[in-house]
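*Asks:* Residue-level listing of the chains:
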Amino acid sequence: MSQGRLSESNSPLSADQARRLNDALADLDARQRAWLQGYLAGLEAHDAPAVAESPAATPGEPLTVLFGSQTGNAEGVAEQAAERARAWGLDVELKDMASFGKQDLKQATRLMAVVSTQGDGDPPDSALGFYELIAGRKAPRLSDEHRFAVFGLGDASYEYFCESGKVLDSRLEALGAQRLCARVDADVDYEETATQWVDATLEAFAALSGSAAPGPASDAPGSVAATYSRSHPFQAEVLEAQPLNTRDSDKQTLHVELSLEESGLEYLPGDAVGIVPQNDPAYVEELLAALRLDGEAPFEEGRQLRDALLNDFEVTTLTRPFLNHWAEISDDAELRRLLDEESRDELREWLQGRHIIDVLEHFPVEGLEADTFIRALRKLPPRLYSIASSQAAAPDEVHLTVAVVRYETHGRARGGVATTYLADRVSPGDRVPIYIDHNKHFKLPDDDAAPIVMIGPGTGVAPFRAFLQEREARGANGDNWLFFGDRRRRSDFLYQAEWLQWRKTGLLSRLDVAFSRDQQDKVYVQDRLREQAATLYDWLQAGAYVFVCGDAERMAPDVHQALLDVIREQGGYDEEAAAEYLRDLQQQKRYQRDVY
Amino acid sequence: MDIIAKMRDVSLDELHPNERLKVDSHYLYGTLEESLADRATGAVNEADTQLTKFHGFYQQDDRDVRDDRRHRKLEPLYSFMVRLRLPGGRVSPEQWLTLDDNARRYANGTLRITTRQTFQYHGVFKENLRGHLQALDKSMMDTIAACGDVNRNVICTANPHRSPVHRQVYDLAHEISTRLLPSTRAYHEIFLGEERVAGGPQETGDEVEPLYTRHYLPRKFKVALAIPPENDVDVFAHDVGFIADVQAGELQGFNVCIGGGMGMTHGETATFPRLSDIVGYCTPDRAAAVSEAVMLVQRDNGNRHDRKQARLKYTVEALGVDGFRERVEEYLGESLAPARELPLTHNGDRLGWYQGEDGLWHYGLFVQNGRLADVDGGAQLLTGMREIAKAHEGDIVLTTNQNLIITQVPEARREAIDTLLADYAMTFETTPLRRHAMACVAFPTCGLAMAESERYLPSLIDRLEAIMHDAGLGDDAIIVRMTGCPNGCARPYLAEIGFVGKTLGRYNLYLGGGFAGERLNKLYRENIDEATILEELTPLIQRYAAEREADEAFGDFVVRVGVIAPTLAGREFHTR
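Sequence lines, in order, name chains A and B.
So the working numbering is basically just the index in the first sequence, starting at one, shifted up by 446.
Anchor point for the second sequence: position 2 equals -11 in the working numbering, and the numbering is continuous, going up by one each time.
Next up, chain B with everything else stripped away, as it sits in the complex:
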């Protein structure tokens, strides 16, 4: 039964309050016009704070000054985190200049590459929203559905220019994103100032959103596509994953995975990160239809009472993997083929220079925590990239590990790029440990953060690097990820060493994730400070150096020697 039919017998009062907000918003218009016109506050109306997410931005406030402003009888310093929809993470140099310009003009002067292959702006004030979005629009970019209970940015293994298959997969990411895009005109009318279509939002019926209906999804929905052996996208961490089947340079089809997701809540064992299950196989031309079918099954069966149980992974748990797959096949009108063996070996990025199949060169640039900024006396990543965008004709591509790739560089232009990289101090000698580390944003802007993340991880890595060096592991990689809360933006539950914030200065320590993103980790120590973190990890790293087998990753090692039990399914995440 589809959601419209289902809702006929259900009162919105019984559901989570957000369900009513969605319905009452008249397809995401809400009172946003009024909110933007209100000069007395930097915030939007309370109900609108949920709706802005569907349009790609989150209301946040600077938590560093929250208390001080309260004493000064000022409202919190509200601003918006604006996230782009950028399927596959590719931008042209011209677009880059717009992105750079907007960062300086409308945001806090930095650009942040997210773990889902797009950009986030922080510190965009309400009065700058329209200007920002209109400038993006002029450059053929938007923020539609970048947050909210809709299909989010579709990600894929980086760099469409690496091979024809990479291009095909990238195109598919676009196709899926377009197919699952909300159809309401709200974004265009409210933020871009486009004319209101006759009838207006009040009178329109369910045909406005044929896919989503006025109920939209119970929760966010994420799609990822991976090209083996790389698993840079952490393909099992999303609601739907596609693993490309490439034979002799030809894309044959995809293994389809469903039911991944990171978020959980501290202390609630009914919530857990979950890796998706491979449920079958489809041909490339059916991938978008499969994505849609999965989304619709979730639309109609997802939990709309409890947002902590509303992700697709819980629907899979509720219906059973087979039960869910059967419904997908029913919506799709066909059966999925049996899955194939498609091994993935690692989830890191290719950094530095490498050559694509067409002979052009690509440069993978390490961007610590994805933050492009100009540091006083240090790296000038923002300005450096602007100069590269001015001098360069190829695309710039983002990775899901928060790095970027300067693509399509002819041999003759490599030196020029190298010079620019050097001139702006954009590259520096670093360890594999740091290059593989990821952190979410957390303080000061994220409202969910319980502990520091982006601002803290680099200094923790300094200390871990010293331990690695002393243990003779200076050239080895261990995947370290940190988030300021348990919602999992940096996918910490897939790390070999994961840190999840509990409170300022204290973290839960997770161990045992797989190096290729194929296994979740497990809680090892709870609520510990830095001294304890180092105390716990030093002997483990030393032991790893002494006892590891050939090519054995740290996550596999700690499981093998019994330091931690392996997590073989999401629902067993909390089992010690």
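For reference, chain A alone in the conformation it holds in the complex:
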């Protein structure tokens, strides 16, 4: 053990006990030690006689694998955990925070929780109720019989990285439960970390329950059944990359069609595509120049540094871990000061519009080794795009709607990695690495007669094109209502001709649009929702499903508030009851969001 040997002086053990234990521990590997940790914890929790019995006869209390998932990543990790737990012979229940109440929490004495963080540190939509529960006065009192482990998913480039994981971890402790394993916060390249966490945590729980034999190690991380996955993407041919806005628009949105031919990939409307992009070669050259490193310097297995920076690592987005790392390398007093807790606001402001290159130029380091720099980087994460097509309409294709991100900050032209990759660096005929990212939480109702309300300004409209293609192909007779918004009708109405055609054929029952810059006062989709309050409420009462897709920061909360207002005014509810109404919709999966 790295901490050194046990002795009379550093433990409550006698010299003999310490010697015997040292001997026993000496040749244990990491996994065995983790198991032992749980086993000892189990001894603590249970009467000694129970442990003496055959572990197979008393598998112990059931393990609850709880997840709160927005895009399906957290759910994927939880599924992986549940599957592995079964292999360990554990009695396991997979639970969604969407329907996990007070009693459920009280009974979950063995709890493995996986939760993602959205935007500014928020839990997933489906977990909002659960978070209200654990934060509020109605939260159940737990005891040290309750053992838990938390895995958080997040994006380190956000200030409140893995916040919902942290909140859950600290709340469970505050309610009286005992942490079995330290929380793990995973960045966007979470998969390896997740597999390690699942295995280590299960060992600990297995030990607690006295399960003896570890199951076979899983070799494929994740539960994706398809051959192609995030770690093994399909090379999809670009069939078309068609700009949708007019030339005089201040926006650039691409309609991208990719071929899935011979991939065997399948998706449903509401799913997303992950694109593994390549960094901008020009930017990488700037980076190499700023670092005074040679792009042709060798890097791992005969590859060159330039190639690694292009393909393997995130080299634009700034994360706190990178800054910490850089502060260490540069030993720059100013940077250290910025990273102080007291400078939090100042740092936030400084980070605005800055990328890794700005840090390199601002806090230069002489004689830097390539490895030292690389170690500060995280892996280049794939970017997710809501799918804009239905396989029922385009069997061998997948369509995406990509807003090309370009802007200038601090005197430097910037661009989104994946969006400029698609806009500038790939052409029809090229291949891009993709995988399907399934999203169970954004799905058309099975009931073809159910009315749906789709609220998708900007590129948020993408999945609704898939929805309508799907409903058209299925011959679904339910009413469809689309709310779309953007800047200007004549230049920015994404897929306008298609919506109008669908309105003409009757598939699209209603089409309400808000173009913010077409008149003096800015008008947004939420304004149209309020204008249509009476009809909208009628639809809700008639069982309509509401789907919201697009910007998480402003649009989604504004739309949420508009929905609350509509329900309150039209249904004659007070604020609390309107919120309850909307929560109910969420519970019934009649209010689904895919916001980013």
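Hints listed in this document are in silico derivations from the structure and should not be mistaken for laboratory results.
Errors might be hidden in some of the hints.
Below 25 Å or equal to it, Euclidean Cα-Cα: the simulated PhoX-like pairs (lysine-lysine) are [unchecked claim]:
id: 1; chain 1: B; residue 1: 295; chain 2: B; residue 2: 209
id: 2; chain 1: B; residue 1: -7; chain 2: B; residue 2: 295
id: 3; chain 1: B; residue 1: 60; chain 2: A; residue 2: 950
id: 4; chain 1: A; residue 1: 1035; chain 2: A; residue 2: 548
id: 5; chain 1: A; residue 1: 552; chain 2: A; residue 2: 541
id: 6; chain 1: B; residue 1: 60; chain 2: A; residue 2: 697
Facing chain B, from chain A, some residues (calculated, C-beta under 7 Å) [claimed, not checked]:
id: 7; residue: 684
id: 8; residue: 688
id: 9; residue: 775
id: 10; residue: 779
id: 11; residue: 946
id: 12; residue: 957
id: 13; residue: 962
id: 14; residue: 983
Computed from a predicted model, the values in this text were never measured in an experiment.
Virtual Cβ for every residue (Gly too), placed ideally from N, Cα, C.
Given chain A's structure and the hints, the job is docking chain B onto it.
*Replies:* Showing chain B alone in chain A's frame:
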């Protein structure tokens, strides 16, 4: 039998679909309110696209970007061409400022003088329609019946301020326009926001439109009045024409002509341009009644099955000139007097300064293709005219040759006007050839265009000018007109040299029209490009220079020497 009686035994199903649209529109309301409220499209509902015409505007789209937008999955760039009803083409300076303001605020920043003495706006987006029409209304102008199956803008020989007779004829143009105006309140209620009259359009009966009935006309109907010897209005090219009989400065009456019209369809010889026939004579006080009677005969007898045969000229062909005239006399309750000899000598405009009978001055300003715009580094016609309207107290009058006249300028103010004209580079040295040329709008806005016209003719004129110059004809006029399709907006079938678009870059070449608008031309070469056009015309112009007789016009020359056979009646237009 009037149209109401006639329609009792006819099913709308048998007629052209537009006939049902008119009837179902409840006197031109249609679903226009709904169309205007629809924010998802720049278009109006399909059926409403026919109705908007009756209110003076056409849905069009920018054909230059049509394909590009289709790829971008956007609908076409819809906008509206808005045409004013401006009988006689006169506007006050105050009205001019409104027109100018609307061009900048609601349209594409240009004003276009049409070949029928009014203004057209292009690029008016749906959401700007109401604002545009309301601003016009505030300035006592409207767009009612400027398009559609109704009586269109009534035109007359330009400039009411030239002489008392000109004023009388101008007033008559107004009287006819007012008398034949549709009565439905749709325009006022839908576009001007005026209150709905009790009952609403649903419940109203045929008394809503005593003249038109719910069937309106089979097709458009056009009236023109000419004051000899000028035939600037091309008086024979309209459904009804009146040729003024002026004796010793007094208006005595009019020769009445019926059955003119330009439009035809390529490849369909049953369609042809036709000049009207003089059928009689009436006194000034009966002219409006005659117009009405002619219109009603057409209302009740016009072809409602086939819109390509629905103009009055085909009704005249069907009933015979005498047959048609007899019906007119029957509706009128009196006979027309015998026509008089009233010679017309030319159809061009008077340009530059000239003096009216009251001693005031008038300035005829050449406006190439009628387009008032500000050209970068060139003529600032739009801004220049605005400045003139601010500085000037007299009216501004449009001509049917797409030019304008700054009228009623006292001697002392001439210099100020000249200065403004110079300051805004509004006048330039040009040839009679260019001054007489006319082109329709065509690309990018006109949905009917098969070839360029307004955007192309000026450069073709450059080349023809060179040929004329080389032939020693630099100071001579030949009437050249071009349209992008065979519907004839610039009256190309009356030109001495006419070009009618067949496809991008290719035109049919017509020769032999009369200089005074008295004879149609005839097809000379089909579907030719610019190189061939010049190849064909160069030797003809050279020969004209060498062999013409004194004062012989080019159109007469080519007929005389047998280059082309004369077209003596519309139905012989296609006979080679």
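*Asks:* Each of the hints needs a verdict: does it hold here or not?
*Replies:* Structure-based check of each hint:
1. 295(B) with 209(B): holds, 16 Å
2. -7(B) with 295(B): Status holds; Cα separation ~21 Å.
3. 60(B) with 950(A): Satisfied, since the Cα-Cα distance of roughly 16 Å is no more than 25 Å.
4. 1035(A) with 548(A): holds, 20 Å
5. 552(A) with 541(A): holds, 14 Å
6. 60(B) with 697(A): Since the Cα atoms of residue 60(B) and residue 697(A) sit roughly 15 Å apart, the hinted pair holds (cutoff 25 Å).
7. 684: violated, 16 Å
8. 688: holds, 6 Å
9. 775: With a closest approach of 47 Å, the residue 775(A) hint is violated.
10. 779: violated, 53 Å
11. 946: holds, 6 Å
12. 957: Since the shortest Cβ distance to chain B is 5 Å, the answer is holds.
13. 962: This hint is violated: residue 962(A) lies away from chain B, its Cβ roughly 12 Å from the closest one there, beyond 7 Å.
14. 983: Status violated, d = 21 Å.
In this structure, the earlier hints numbered 7, 9, 10, 13 and 14 are contradicted, and the remaining ones agree with it.
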